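J.: Build out the structure end to end from the sequences listed, making use of the hints.
The primary structure of each chain is shown beneath.
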Amino acid sequence: MNAEVVATRFRFAVNVLPRDGILDPQGRAVEQSLPHLGLAGIGAIRVGRRVELSVDAPDAAAARSLVDELARELLCNPLIEQYAIEPLGGISATRGSSSEPGGADA
Amino acid sequence: MNAEVVATRFRFAVNVLPRDGILDPQGRAVEQSLPHLGLAGIGAIRVGRRVELSVDAPDAAAARSLVDELARELLCNPLIEQYAIEPLGGISATRGSSSEPGGADA
Amino acid sequence: MSATVVPVTAAVPLHRALGLTDEELEAIAGKLGRAANDLELAMFSVMWSEHCSYKSSRPLLRTLPTAGDDVVAGPGENAGVMRIGDGWAVAFKIESHNHPSAVEPDQGAATGVGGILRDIFAMGARPIAVLDALRFGDPADPRTRHLVNGVVRGVGGYGNCVGVPTVGGELVFDPSYQGNPLVNVMAIGLVREDAIMRAAAPGPGNLVILYGSATGRDGIGGASVLASATFGDQDPSKRPAVQVGDPFAEKLLIEATLEILAAGLAEGLQDLGAAGITCGVSETADRAGTGIRVDLDAIPRREPGMAPFEVLISESQERMVVIARPERLPEIAAICARWGIPCAVIGRVTGDGDISVIQGGLAADGAPNPGARELARIPARALASEAIVFDRLGVPPQRRRRAPAPGTPETTADPLPERGTDPGAVLLGLLGSPNLGSRAWVSEQYDRHVGTNTVGGAGHGAAVLRVKGTRRALVATTDGNEAVTALDPYLGAALSVAEAARNVSVTGARPLGVTNCLNFGDPTRPESFWQLREAVRGLGDACRALGLPVTGGNVSLYNEAPGSAIAPTPVIGVVGLLDDVDLLVAPAFAADGDVALLAGATGPGLGGSAYAALAGLAAADDPPSLDLAAEAAVQAFVRDAIAARTVTAAQDVGGGGLAVALAEMAMWGGRGGRFRVAVPGAPAVALFGESPSRIVLTARPDDLPAIRDAAVGHGVPLVELGIVGGPRLFVELVGEGATGAAEGRGSSIADALEVPLADLRHAWDHGLPRALGEEV
Amino acid sequence: MNVRVGVVVFPGSNCDTDTAWALQRAGAEPVALWHESADLDGVTAVVLPGGFAYGDYLRAGAIARFSPVMRAVAEFAAGGGLVLGICNGFQVLAEAGLLPGALLRNRSLRFICRDVTIRAERVDTPFTRGIPAGAVLRMPVAHGEGCYYAGEAMLDDLERDGGVLFRYVDEDGRPAAPADRANPNGSLRAIAGVINAAGNVAGLMPHPERAADALLGSEDGMLVLRSLVEAAGARAVTFSGAAAR
Ligand SMILES: Nc1ncnc2c1ncn2[C@@H]1O[C@H](COP(=O)(O)OP(=O)(O)O)[C@@H](O)[C@H]1O
Ligand SMILES: [Mg+2]
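In the order they appear, the protein sequences are chains A, B, C and D. So that you can map any letter, position 67 of the first sequence is 67 in the numbering used here, and since no number is skipped, the others follow by simple counting. So that you can map any letter, position 70 of the second sequence is 70 in the numbering used here, and since no number is skipped, the others follow by simple counting. So that you can map any letter, position 751 of the third sequence is 751 in the numbering used here, and since no number is skipped, the others follow by simple counting. So that you can map any letter, position 70 of the fourth sequence is 70 in the numbering used here, and since no number is skipped, the others follow by simple counting.
Don't read these hints as lab results, they were simulated from the structure. Being a predicted model, the structure only gives us computed values, none of them experimental. A hint or two may mislead.
Going by beta-carbon spacing under 8 Å, a handful of chain D positions derived as facing chain C [unchecked claim]:
(1) Pro11
(2) Trp21
(3) Gly51
(4) Phe52
(5) Arg110
(6) Phe111
(7) Ala142
(8) Met154
(9) Leu155
(10) Arg210
(11) Asp213
(12) Leu215
We put the CB at the ideal spot given by N, CA and C, even for glycine.
T.: Right, dumping it as structure tokens:
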């Protein structure tokens, strides 16, 4: 525990979806199954990933740029995917080492 | 084409994530790679699925209940996953058969 | 033309943006008797790409031996086909997907598997196996690890889902592949000899039916740019859209295709890969001497607003074209519907020999609708068989190593490291090295059993696939020796053929034929083209000497990252036939008390060996020489001895030399042995040298006389190594070079190699995962 | 008399012919059941084979449960019919709620194909009656989503009610913890296969049909398939008897 570090915990979601124009086999598979479910009127289905995470950072801007780097570096393959960052609620001031956020779920 | 049917096209996203407490090896894998990326302060990572789709229905309520059924029946396995429905922008009135939205992908 | 790679500007005219030279532009005008319009230029650019036209390699490939009694279809078809008896034939072919995999390893490798599988079932064969020959740079490099993981995921993800087992291949690490990995995939299929399909479009009036996935903007320009421009630009926006594979769609395509063929509904069949519909229609029409009128509007699209050129050269995956008589359409449509596959009539076979692209639709009789426009008209042969060919300049490099002439006495001073080196430690180092360690980390990510034909579960030596309903089995392998090819392309290619065939022969199977993938650099560089020319010469000579027809293959050029070409890499695929699977011999010690023998003479030369790499002597020595007659003899000998049921285990001497061969047979058999190895000169050569044409085999003591007679009959030198059994591998070194005498000449090697099996196993098991950072 | 055993064929099934072939060796007459037909053709048992039913992109088996054939299989099972799911078939049965629990992605996040050793926890079921008690069987697994999961409470109920049919064990027959190599996918309580409370629906991740021929390495899978065929044969008799009445 390092009591000097003061950080705020922000929560974000990163939504990663197939780039427009790129074949989306998952979306196609789900779409083709709709008749079996007897659901009419649904279409244009795209299936991607959603990554939810929390970040400890001095301010929202810093937090967001961290998430953006993670998305660019790891979560999204720009050749076939595109991503969008979505801020989530649940902001809380934390006092302590910034290596902690895993804590909650760990 | 059936000119009598008048429907509005709504867009939704369904976010499916591992239920709390269920081990999430993907989330853990991302967390383990954070040090290599030199990203500090990120944690509590959960990796799930995001499905974006459009629905033709007389009104928003009807559209949403269709999506809810799809999520319950197919997109989410309640034993291991939880889902949330997120309305998206891009609402447009359409006149015609409601089997259309697939259009481009069909 | 925005989707093509280089933006068109005043400085960069369209044809160059499309990758065509001014010379090619003129040739095109010559073929048409007029200037080509933009759409026609785009079609030429993909068909005249190196990938589709083989414009640099075709003159060389013509020199390869392709004839053979059992050859049913050779080069020129989607895959080679050879007779195996009982009315069955085997279709096989290897293909590269190097550049797509460097850009997007997962999808690049996946679509590579999909593409080669389509070549197999385009022949009417049901795919029964895949082998993947992979080459990467430094395994410790994060980028390499990313590529390895992605490629393995891609190969597995696709093969596992379509239900074709991945039963073998190679994984090699060499610094020269750092910026340009190699992903070569070989596929094998079974077909009744009387049911083989041709990729031709006969019969004017016949329908051209496209079935499978809809056409999107996938891999636009891929054939002309992605597959043949020097690779290096990292800006994604500058790259053509990556093809994404859908193995489920491919599974449906396989089943629908085989049903269509079984019902006798097809006059011709072609898969759509590089250059998409343009390639499919021009090659099939050219092969039949016909033309095709393409109904552009009828082609099902995945996206709105696609330009005609995008539709015609798109490389969207999982698509096939069938040529059929009009009255067959309903049955074909029904089969596609049953498998949930869209299908559409996209054109008509004509008698005029031209590929004509019509916008505005065709009438019921196949004629253009009134008011329809013809967007392009090109003679089919101008796009296909009469595409431009170049006689490139080839010049040998200044520095160059040659193998000593066969029989040259050994000159090598013992290059083992400092005094007192324990050969056991060297052996463990080799077994645990990234290139010689167990491949389980890869093969366990592949479904190797689906189809229930994989004998022995795959993993040791060549892959064995029984043919249900017969006593026969097919044996397949891929091999490439980039290390020696880099020193001497002729020798390296010949060695690769020899080793691949040897791997098949040691199972008892008779090698049937060869498929090959030539991975080389920029053919416009004289040294690079010389390498290609020499390798093809070595390939041809080796195949002639071993009586193996070349039934097909693939050429991948421009394998260069900025500033560095890869080690030239001919990858050789060999398929063999075992008439009775009960005769199969495994490369594992079978029983205590068996006698181990070495067939074939050990020659000098450590150049290009795993030992040389380990000892840091990579370029410091000559490669071993190859005597093709001796190679043929030793393989014939082992096959005969196995057929006579006198062999209990057999393994060729390959990477790591005799010591590694013995260690593998010991590990895989779960029993060691006490052996003596004669060391006339350098112990390193005797233990770890990789001179070819050698096989270790074991036999029951009472079968020794018969084996000796067989060896004499084939003129193959045969020496006794020792007795199988015990918990450790013990190799005593005897003769001139060993101990005393060796000490005398400053040798440093201990007088015996002794390692417990458990230690061999541990080194071998963990080498690869450790190298990749999967284990610490 | 012939024991007719149905083998469901989804478009993405890829072990259907292997399974039919092995069932034949086990003495059955295999009958292919196309996914779009709700008619089980009077078979006395149904096997759901391995593969990728409808591509399995979303969750293995998620889409398959809505197919016409699965409605028929559910009825068949409700009426006491014998149903065995192998690999993807197991995933489909779990998604369809015909078997308890779920199959998550392998803990390694990688597809895994290799021989495993398993032990039947019960040898009194139609699927295991021919297996010697305590015997350790060797057969291959080949899957990306085989990590058996259920909540602690459900797991306890399973154990209590004899719902655990197969467990991953090491060579010496000791159950393999999720992290052990002998547990290929991280399954909780080393569960490799389960059976429903009524005792007529079972599923397992390993492939018995790939261990049905000594030439390919193991014949242990035949113990499972023969058990099924014999049990089905016995029922066929009683059924026809019932029909006669
Ligand atoms: N190195 C080679 N040796 C022999 N035949 C080759 C070689 N490279 C290509 N071929 C033959 O040239 C033809 C065209 O190859 P390719 O364009 O890869 O076919 P496809 O487009 O069907 O994959 C094929 O019949 C192939 O077997
Ligand atoms: Mg082809």
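J.: All hints, please: hold or fail.
T.: Checked hints:
For the restraint placing Pro11/D at the interface with chain C, the shortest Cβ-Cβ distance is roughly 6 Å, inside the 8 Å limit, so the hint holds. Checking Trp21/D against chain C by beta carbon gives a least distance of about 7 Å; that is within 8 Å, so the hint holds. With its C-beta approaching chain C no nearer than about 6 Å, Gly51/D sits inside the 8 Å limit, and its interface hint holds. Given the 8 Å rule on beta carbons, the hint for Phe52/D holds: about 5 Å separates it from the nearest Cβ of chain C.
Given the 8 Å rule on beta carbons, the hint for Arg110/D holds: about 5 Å separates it from the nearest Cβ of chain C. For Phe111/D, the shortest C-beta to C-beta distance to chain C is roughly 5 Å, which falls under 8 Å, so the interface hint holds. Interface restraint check for Ala142/D: the shortest CB-CB distance to chain C comes to about 4 Å, inside 8 Å, so the restraint holds. This hint is violated: Met154/D has a C-beta 30 Å from the nearest C-beta of chain C, more than the 8 Å allowed.
The beta carbon of Leu155/D is not positioned within 8 Å of any beta carbon in chain C (closest approach about 28 Å), and the interface hint is therefore violated. A cut of 8 Å between beta carbons decides the hint on Arg210/D: the least distance to chain C is about 5 Å, and the hint holds. Because the closest C-beta pair between Asp213/D and chain C is about 7 Å apart, less than 8 Å, the hint holds. Taking 8 Å as the C-beta cut-off, the interface hint given for Leu215/D holds, the closest approach to chain C being about 6 Å.
In summary, the numbered hints that this structure violates are 8 and 9.
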